[in-house]
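J.: The lines below spell out each chain.
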Amino acid sequence: MAVRIAVSALALALSLAAAAAPWQSTYVAPPSGATLIRNATVLTGTGERLDGADVLLRDGKVAAVGKGLDGGDAQVIDASGRWVTPGLIDVHSHLGVYASPGVTAHQDGNEMIDPVTAQAWAEHAVWPQDPGFETALEGGVTSMQILPGSGNLVGGRGVTVKNVPATTYQAMKFPGAKQGLKMACGENPKRFYGGQGRAPMTRMGNVAGYRQAFADAQEYQRSLDKYEREKAAWEKKQGGKRKGKDEGKADAAPTPPKQDLRLETLAAAMRGDVLVHIHCYRADEMAIMIDLADEFGFRIAAFHHGVEAYKLADTLAGRGICGALWADWWGFKMEAYDGIQENLALVDRPKNGCAIVHSDSAEGIQRLNQEAAKAMMRGNRAGLAIAPEHAIRWVTANPAHALGIEDRTGTLEAGKMGDVVIWNRDPFSVYALAEQVFVDGALMFDRAHPAAKPRSDFMLGQPGAQP
Amino acid sequence: MKITKLALALGFAVAGNTFAQDVLIHDATVHTAGSAGTLEHADVLVRGGKIAAVGTNLAAAGATVVEANGRPVTPGLFGGLTGLGLEEVSLEGATVDSAYAPGAQVPPMSLEWRPEFDATLAFNPREAPIPVARVEGITFAMLAPGASVPGGNFVAGQGAAITLDGRWDAVLPASRSLFINIGSGAMPLAGGSRAAQYMLLEQALREAKPATAMRDGDYHLLTPAGRETLARYANGGRVVFRVERAADIRQVLALSAKHGFKPVIVGGAEAWVVASELARANVPVFVDTLVNLPGDFDQLGARLDNAALLDRAGVRVGFSQAGDATHNARKIRQLAGNAVAQGMRWDAALAGLTRVPADVFGLAQEGRIEVGASADLVLWSGDPLEITTAPEAVWIDGRAQSMRSRQTELRDRYLQRAGITPPATP
Numbered sequence: 001m002a003v004r005i006a007v008s009a010l011a012l013a014l015s016l017a018a019a020a021a022p023w024q025s026t027y028v029a030p031p032s033g034a035t036l037i038r039n040a041t042v043l044t045g046t047g048e049r050l051d052g053a054d055v056l057l058r059d060g061k062v063a064a065v066g067k068g069l070d071g072g073d074a075q076v077i078d079a080s081g082r083w084v085t086p087g088l089i090d091v092h093s094h095l096g097v098y099a100s101p102g103v104t105a106h107q108d109g110n111e112m113i114d115p116v117t118a119q120a121w122a123e124h125a126v127w128p129q130d131p132g133f134e135t136a137l138e139g140g141v142t143s144m145q146i147l148p149g150s151g152n153l154v155g156g157r158g159v160t161v162k163n164v165p166a167t168t169y170q171a172m173k174f175p176g177a178k179q180g181l182k183m184a185c186g187e188n189p190k191r192f193y194g195g196q197g198r199a200p201m202t203r204m205g206n207v208a209g210y211r212q213a214f215a216d217a218q219e220y221q222r223s224l225d226k227y228e229r230e231k232a233a234w235e236k237k238q239g240g241k242r243k244g245k246d247e248g249k250a251d252a253a254p255t256p257p258k259q260d261l262r263l264e265t266l267a268a269a270m271r272g273d274v275l276v277h278i279h280c281y282r283a284d285e286m287a288i289m290i291d292l293a294d295e296f297g298f299r300i301a302a303f304h305h306g307v308e309a310y311k312l313a314d315t316l317a318g319r320g321i322c323g324a325l326w327a328d329w330w331g332f333k334m335e336a337y338d339g340i341q342e343n344l345a346l347v348d349r350p351k352n353g354c355a356i357v358h359s360d361s362a363e364g365i366q367r368l369n370q371e372a373a374k375a376m377m378r379g380n381r382a383g384l385a386i387a388p389e390h391a392i393r394w395v396t397a398n399p400a401h402a403l404g405i406e407d408r409t410g411t412l413e414a415g416k417m418g419d420v421v422i423w424n425r426d427p428f429s430v431y432a433l434a435e436q437v438f439v440d441g442a443l444m445f446d447r448a449h450p451a452a453k454p455r456s457d458f459m460l461g462q463p464g465a466q467p
Numbered sequence: 468m469k470i471t472k473l474a475l476a477l478g479f480a481v482a483g484n485t486f487a488q489d490v491l492i493h494d495a496t497v498h499t500a501g502s503a504g505t506l507e508h509a510d511v512l513v514r515g516g517k518i519a520a521v522g523t524n525l526a527a528a529g530a531t532v533v534e535a536n537g538r539p540v541t542p543g544l545f546g547g548l549t550g551l552g553l554e555e556v557s558l559e560g561a562t563v564d565s566a567y568a569p570g571a572q573v574p575p576m577s578l579e580w581r582p583e584f585d586a587t588l589a590f591n592p593r594e595a596p597i598p599v600a601r602v603e604g605i606t607f608a609m610l611a612p613g614a615s616v617p618g619g620n621f622v623a624g625q626g627a628a629i630t631l632d633g634r635w636d637a638v639l640p641a642s643r644s645l646f647i648n649i650g651s652g653a654m655p656l657a658g659g660s661r662a663a664q665y666m667l668l669e670q671a672l673r674e675a676k677p678a679t680a681m682r683d684g685d686y687h688l689l690t691p692a693g694r695e696t697l698a699r700y701a702n703g704g705r706v707v708f709r710v711e712r713a714a715d716i717r718q719v720l721a722l723s724a725k726h727g728f729k730p731v732i733v734g735g736a737e738a739w740v741v742a743s744e745l746a747r748a749n750v751p752v753f754v755d756t757l758v759n760l761p762g763d764f765d766q767l768g769a770r771l772d773n774a775a776l777l778d779r780a781g782v783r784v785g786f787s788q789a790g791d792a793t794h795n796a797r798k799i800r801q802l803a804g805n806a807v808a809q810g811m812r813w814d815a816a817l818a819g820l821t822r823v824p825a826d827v828f829g830l831a832q833e834g835r836i837e838v839g840a841s842a843d844l845v846l847w848s849g850d851p852l853e854i855t856t857a858p859e860a861v862w863i864d865g866r867a868q869s870m871r872s873r874q875t876e877l878r879d880r881y882l883q884r885a886g887i888t889p890p891a892t893p
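Protein chains in written order, with my numbering: chain A, 1 to 467; chain B, 468 to 893.
Bear in mind the hints are in silico, worked out from the structure with no lab data behind them. Note that beta-carbon positions come from the ideal geometry of N, C-alpha and C, so glycine has one too. Don't take every hint at face value.
[What the hints assert, rightly or not] A few chain B residues that face chain A, going by a derived Cβ cut-off under 10 Å, partial list only:
(1) 531
(2) 654
(3) 794
(4) 800
(5) 853
(6) 875
Only chain B is shown next, with the shape it has when bound in the complex (with noise of 0.2 Å):
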């Protein structure tokens, strides 16, 4: 197997530790992400965890020298809105960190508005979906606060990007962003219409950032902290709506041209319907490309070819998926190779796995293969966007990622038919 070879070419160990090298990715067909393209037979050098250079004929100079005899070299891939770190087990909630829902047991009317809420405190870099999805090329992600859960808000906290290495300080500040649900799915905590959470929204706003000057009894949704937060973000900052129907999206468009808001869509199944508002507003949409179906009346317009049609409209498109996102997280390429099947242009989708994803969420030195970008790189066996590749090696900050995983290890146990032996039989 190709893999072994290259643990060894690598000389590490196949038992978990990771190390800094300098590495020479010779002869790859480097897809940069970035206005440099595609280029053939390219060299990919790293050093102290930054790419130091891009080109042919580089000389290694000591670096540990991998061949790629060809095969394509992407950035690390962007893992979608996730609870990786968040989210162990999903039907057990003592493993679940993802959301603040303390009023599972209140009517809707005194659900309390915590948009300081911070889902990041809560990861754990040791938990077993992070190398699960490590090991398929997943470099970095989104640790999203949970969509619209019993008892919690629709202004579902706050988020931020995570490095996937297993470290423990993992996240990536510029990434902060706030994360609010809007629509169907979120009715029931806005007492059953969305016109409700526009005006909730809109009361949290003016408590914010009052017009006049507020005494402590005029504050009926948020804390000093909230009022805090909410303010800092309606001050430009990134917010993360998850919406799908087309009327809503103009009315996040208009919410946040008119309180300084930095939107981004996520789902968005009907964003093809304003996609040149979208464009003109240069506001970037996370689809989930294998939504073709009415899942509920917020996605009568679900099509497969909304990517495709986003992007020639000129959005930004990026990926995010909306089943199980966390256990999941390898399943990202698939949208994006089905993506290009319907009519995406395939530059344009990986952009949409490493680019866009690390642009729209502020994070300069991932998501791309240039000179003084981190080394998050993923060597694959072939055509990173197709179903029947897989990652052959997998660098963070020019760390060699151990391609081990829960899932491997039941993997091997099985595959050798071990049956009952006496564990202590030396």
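Bound-form chain A, shown alone (with noise of 0.2 Å):
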């Protein structure tokens, strides 16, 4: 008996010295074989556009674009008269937190007990059963940032998935990927706050809630700076000690601060390791955003909803933030009230302007082609000259940058990862739809074949759901 214990002990000891850090992602591709897509009409997510062109996936990532491919040992599809793109990636998505069905059981994205939650994980509600993510990848959606919601200036920590079916969300998790922090301007957190008699009541309020936030987060910053600097001298000394005369002479080490799990976030985002998105739907809202990121010093990403986007266009281009738009949404609250469908394709115009269509819906990130398609049709019709090869990037590439995973997938360029949808037909058009889906060069979705499909525990033996 103790002689068992002991052995389990041990192999308690050891699974923890192999686990993972906490909170890592244990995301593994899924098993592939190699697979050549040949004479399709491929949108590359580049920019590029080639006509009768194959796609080689080999080893989970891109091997090869172009055309006349040799496969050698590879399963062979016949995509003639399809269309393969980029697998879609959503900057935007409240999957999991705000699952279906949407009981109030199911309420967890917005942690509005104060304005600022910068503390909260939505990595820590993301339920994997919400079968909104098997319609999404049926969509052609293959990575996603799920967010908390905007009921709080500041919101909390966003994270970045693979849309593959897993029993936890550390299983989805973007390996690598940083995490998101999610602000929120204008309407929502002081309807909430004020209505309860509290800050912020209004716009000024709002900018008072950011600004002593990350005031804090800085003097936090200090203080882990001040305690690194204590510490490394501490260091430095406790080794002089051993080989000279104050050996022995007792010197306490500094202690570190407590550590602030709310500071803690501030802080990463103000060095760069969290990314920070901004649901923002006003222009002057947005410029006031971008003086507290130069009073405080971190980078915005990305303006979300931006329903008035379009009107500081070229301040978005020239200082590298992206505007994630729907294609049309407006008028449901008054800074939704200047929408305009030309929003996407005018944010787009200028040099270096990036665009990304997103959804912020179960129904919308099913159909993001479809909402770009629609966006493109407006550019164009107001004579911008939108073709299909650079507005897939709205949906693919600019989302991959503003999550800072462009290096990794989000075109189908050699090396990165097999994230790829073929279409039956262009996807800019209502009735196009994904038929195969491969993330990291695995087939999770085949329209010829729904039985094999993903589906989430929650809707096994449900009565008639759709096959």
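Taking the hints as your guide, dock the two standalone chains into a single complex.
T.: Encoded structure:
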């Protein structure tokens, strides 16, 4: 008995040692063989359109893109008449944190107990059994950022995941992707807290709230830096003692500052270790948030929703800030009153413009291609001449850039993850359907084999849902 | 741009006024949404606001000729069940008139019953969302009392169709309908149980149509006006039920048969489950074809081919949106296109945007291109169900509609990168 306990204790110790550090991704690319997708119209995501081209997937990666590729032993898919794009990426999803069915128990996206909850992480609320993941996959979505809601000035950390069926969120977590920081401008925080007679009650209060939080984080960072300096000095001194005459004299090690989960997140954002994503509708408020970023020395990855981003397009492009936008939502609140259908096209227009089609919706994420199509058409009718090979970047390369994963996915270039969609026709059509969706080279969805598609535990045995 | 050429060809000013004119739309692909189906290289002649002729080689005889060059022409589209003209900014209560909810602060059992509530009295044709929808080819819509709102009643009151050309008297009277919400969304307004909804409805109907003489003290739910209203609908009147769950749809069919309602199902996420019963009862269904997730436990059976399955079973299918149907009314076209992608017949999908809602809501003049019908027409840049097409011109009662809206004004200001210039500079 004693021996057995000792053995299991040893096993436990070994397994702890072998386990990944807490909160790290445990994602493992699904097993895949080599696949040659032949003779398709390929939108590479780099701005190119290749007609009659092949895409070779091998070892989970894009191995080559071009005409007349030799696939060797690869399984060949004849994609004549079909279109191939990178897997789509949604920079703004609440799948898992506002899961279907939308029951009270699934309202996990807004920790509205305080206007600044930077300590909250969306990933700790992601329910991997949300059936919205599999329907998004059927719409060609292979990666997404899941964010906290916009009820707070600072809602917490977002997480980027690969859209694969999993029992744990850790097994979906995009390896190596930075977390996001969700912040919110405007009406939502002040409506909720102001309605309770607390700050923020006004947009003034909103900005005061962000500034105080970041000022506190600066102080926290200073205390961390001070500790690191003292620790280095102490260690140096200890090292010196061993050889010198002071050996044996007690000298207390410096005490680290108490870990503050809230300020830790904000400090990480200021260091660039966490990417800042801001829910912000009005152009004037975006300009205010840019000043905030300058005051505290952080970079803004993207403004989300940005119904008025078109009014500030040149500034956004000049600052390298993406606009993550809807094709046509407007009017549901005052800060959304000035929406126009050319918003994406106008944000895209300047040199280095970074337009992104985002969903913020379990329905919209299934049709990012349709939303991009509408926005492309509006740009074209306004005379901006936007081709499909360019517009596809709004749902592939550009969101990958905003998420800091553009070196891994978002385009069909050799060495990138094998995240690929085969469409039955031009994806910029209401009639287009994703026929096959690959994640890291593995066929995860095949419209021809509905029985094999991913299915959340929740949907099992529900009468009559779509097979 | 084609639209500019067309504007010049028609000779209408861009600034918003409309005028009646005899028009010959020449060489169009005419989708009649009627028994004539689609006519290639056909002409549509409009006189006095009505469709005077549909055919080939029609003589213009003084009418302004619009060259369609083979492009599609459809009837003006139905915008769904909306708050167009009742709702300017959804979250600003002072701009929203779609619901009667006096009980926001009182317990559910003391809710007011006001089926006589008539949302159309608040209609304001000057609201910004109307031109935003109209330039996208939406020419008529149902003004629907708001869905279940806190302090309201699941019997939401009455609404009617409106024409969207901006006229004051926009209500199309034959379309008047009563709206009732059934299911989990409305449960808080019925003591927490959907069974209580049916119980309360039966009580209200008993008050409206008493089997035996009743005294004043016997009435607990309805005012005299409410009793008159409900009695009218219980005598073959049209009642729009917002309902999702198959079991509830069956209760609605039974309730309607028992009390003489002419039911219309809206939502109907699980309608495909009871498609044959709906077909037998000739009850139309207005679906949101983008709803395929179990948004709640009423919609566990939601699926993308709901419309296709209903159509195949012989049910008349129209479209209506679950989301912000007022500001996004123009998105209804995308619902129809997606239905086709999921197997619905193209003609049936177009009918779901035109003929079906017109017929269901008693509008014999709308939703069709036929001699004698209102000249509510849209000329499209391409396939009207496709998302990369747009209207080139819109007519209501033969009047060419302005293709401007608040959104096109904003677009043109920022398209020019105006920057700050002294606005008074000539």
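J.: Could you tell me which of the hints above the structure violates, numbers in ascending order?
T.: 1, 2
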